[in-house]
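Let chain A serve as the given structure and place chain B on it in line with the hints.
Number of protein chains: 2
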Amino acid sequence: MKPLDVRHFAFAFLVGALPLATDAAGAADPLPSWNAGPAKQRIVAFVKAVTDKAGKDYVAPADRIAVFDNDGTLWSEQPVYFQLAFAIDRVKALAPSRPEWRETQPFKAALEGDVKTLAASGEKGLLELVMATHAGNTADEFAQIVRDWAKGATHPTAKRRYVELVYRPMRELLDYLRANGFKTYIVSGGGVEFLRALSWELYGIPPEQVIGSSVKTKYEVRDGRPVVVRLPEIDFIDDKAGKPVGIHKYIGRKPIAAFGNSDGDFEMLEYVTSGPGARLGAIVHHDDAAREFAYDRDSHVGRLARGLDEAGKRGWLVVSMKNDWKIVFAPAR
Amino acid sequence: MKPLDVRHFAFAFLVGALPLATDAAGAADPLPSWNAGPAKQRIVAFVKAVTDKAGKDYVAPADRIAVFDNDGTLWSEQPVYFQLAFAIDRVKALAPSRPEWRETQPFKAALEGDVKTLAASGEKGLLELVMATHAGNTADEFAQIVRDWAKGATHPTAKRRYVELVYRPMRELLDYLRANGFKTYIVSGGGVEFLRALSWELYGIPPEQVIGSSVKTKYEVRDGRPVVVRLPEIDFIDDKAGKPVGIHKYIGRKPIAAFGNSDGDFEMLEYVTSGPGARLGAIVHHDDAAREFAYDRDSHVGRLARGLDEAGKRGWLVVSMKNDWKIVFAPAR
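Residue numbers (this note's numbering), protein chains in the order written: chain A, 1 to 333; chain B, 1 to 333.
Since the hints were derived computationally from the structure, they do not count as laboratory data.
The structure presented is a predicted model; accordingly, all values stated were derived computationally and were not measured.
It is possible that part of the hints are untrue.
Result set (DSS-like, lysine-lysine): computed pairs, CA atoms no more than 30 Å apart in a straight line [as the list claims (entries may be wrong)]: (1) Lys159/B x Lys108/B; (2) Lys218/B x Lys218/A; (3) Lys151/B x Lys56/A; (4) Lys151/A x Lys56/B; (5) Lys313/A x Lys218/B; (6) Lys218/B x Lys216/A.
So that you can see chain A by itself, here it is in the shape it has in the complex (with noise of 0.2 Å):
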């Protein structure tokens, strides 16, 4: 696969409405868009044992906290970050009032549609950007800014909107979660105001519950009215190594459940994963080029080598999307 060759970029829609599968006795399956086999198995098969008050994995509600990355995880990030195309879009929106910028990179390669420049960036360069294109906002004009986005915006090959590129098992598998009793939250390397513009939409995640990275930010009395306004300096990267600083920072307490994608992911399933208690570590592997797109040690996004080579001595489960998944998007709306 040629993760940044958009022409081998297809999904496959489902439309009209989802019968709600049933078990042998006839409950509603929580999980319906996965199908029957180990990886729906051993998700269910936590979920009770954390909430058998009689059992000895049992969880209290108040720690039952599950973390799940974003790109990759929960929607597509393919043939770039969404967030990247943000940005992107961002500049031409910003470029006729800042000549210079065709002559300066990255806005160079972001107004020529450079997407493999960009991409090489990774999520520094992507971060690097958006604050170039967004310093001085408030955060509540950044916020709307990316809601009126997302409104329109267009993957370049799925022909739909990004907002609608979330997975539609993981969409069921947090609400399952929280039905039993768990607090979601979403641990992203990408910029977390970005993503908590949209959170609550696509995710039913408070912005409260989104971790990711950050820049700077400052208070002050603008015009008589008292804002935050975003300041062009990176405070923290949510990613690799950051990604257990970041939980440890804005939960404080150690989750019971991760689930992830790519080696960006590692060092969270490591830290979630190493107890005490019972624990799911979960890694979604990208290998359905028919319905979404297979990538994993190549890629120069959602990059995953030491996620496979270790997930089974570590315990971890590998979800795959062609076999797991029974559909992959919600139908298009």
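Positioned in the frame of chain A, the structure of chain B alone reads:
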């Protein structure tokens, strides 16, 4: 009043069971430690307004967020911040292995019980002391040290444990707000990890709802065990204009109610009460020398001047400990 003169620091204790007050209709009063009066009326009216679905001020449960300063608002802060007392005790415990501390400030002052010098160094000085005495600890080890200290550490004049010096009316207020769908947060200038170790027990607030000053941390695998380690470097000071920044960083949206007691809370109150919609800002005024302490404009700890000057024109409620609180502390255990 001389705030640092412990001879003037007297508490009055009520002993025995408290009758549960009922109103004219026989319903249990959710705020029995508050005297009937304008402060209690205003708080109850605010809660009724934002929870009345038919009213113009209705706020959906997900947006009912209330923030509380800690020192001087939820528990006492005289003669010195309790975290400073903790840090002094840590210096004393560690001193045998650190002979150089006998000649180095602020350790020298801590070892000599020179509270005035320490208090004058402010919250930043306190943080430096805590950092120096705890760098290298893992987060879990630090939390255990705090809990062990809290079990026995006794206030110099109140002659009861520090953790018993929580204001009962404020504890009731937290419960009352939560019973009405509010999510309650602490937003403190104190160290976040110190507070998080105690917040469940003291206030029924989980660690993830405590915002405070922090040191940087790093993730590492130590002897095969993944841990978060505290570093001797300040990450964030959650005081004054830092409070709205901390609220934005951790919560990501504006609360609808804020409670403070000093000018360190001014910007938080200003930010929260700037609307839109119904808002409540309140200041606990320490005017009760008989039952706790009386201090405001001239205090080294918890100075309150601008807040008093502007509360009226800004519509902030000033709560008189002396007149509005029937009871200050829970009975001694």
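Now the hints, each set against the structure:
Straight-line distance between C-alpha atoms of Lys159/B and Lys108/B comes to about 25 Å, which keeps the hinted pair within the 30 Å bound. For the suggested pair Lys218/B and Lys218/A, the alpha carbons sit about 25 Å apart, so the restraint of at most 30 Å is met. For the hint linking Lys151/B to Lys56/A, the alpha-carbon distance of about 29 Å falls within 30 Å, and the restraint holds. With a CA separation close to 29 Å, the supplied pair Lys151/A and Lys56/B stays within the 30 Å bound.
Simply put, Lys313/A and Lys218/B have alpha-carbon atoms about 25 Å apart, close enough for the 30 Å limit, and the pair holds. Only pairs whose Cα atoms come within 30 Å are accepted, and Lys218/B paired with Lys216/A is accepted, the gap being roughly 19 Å.
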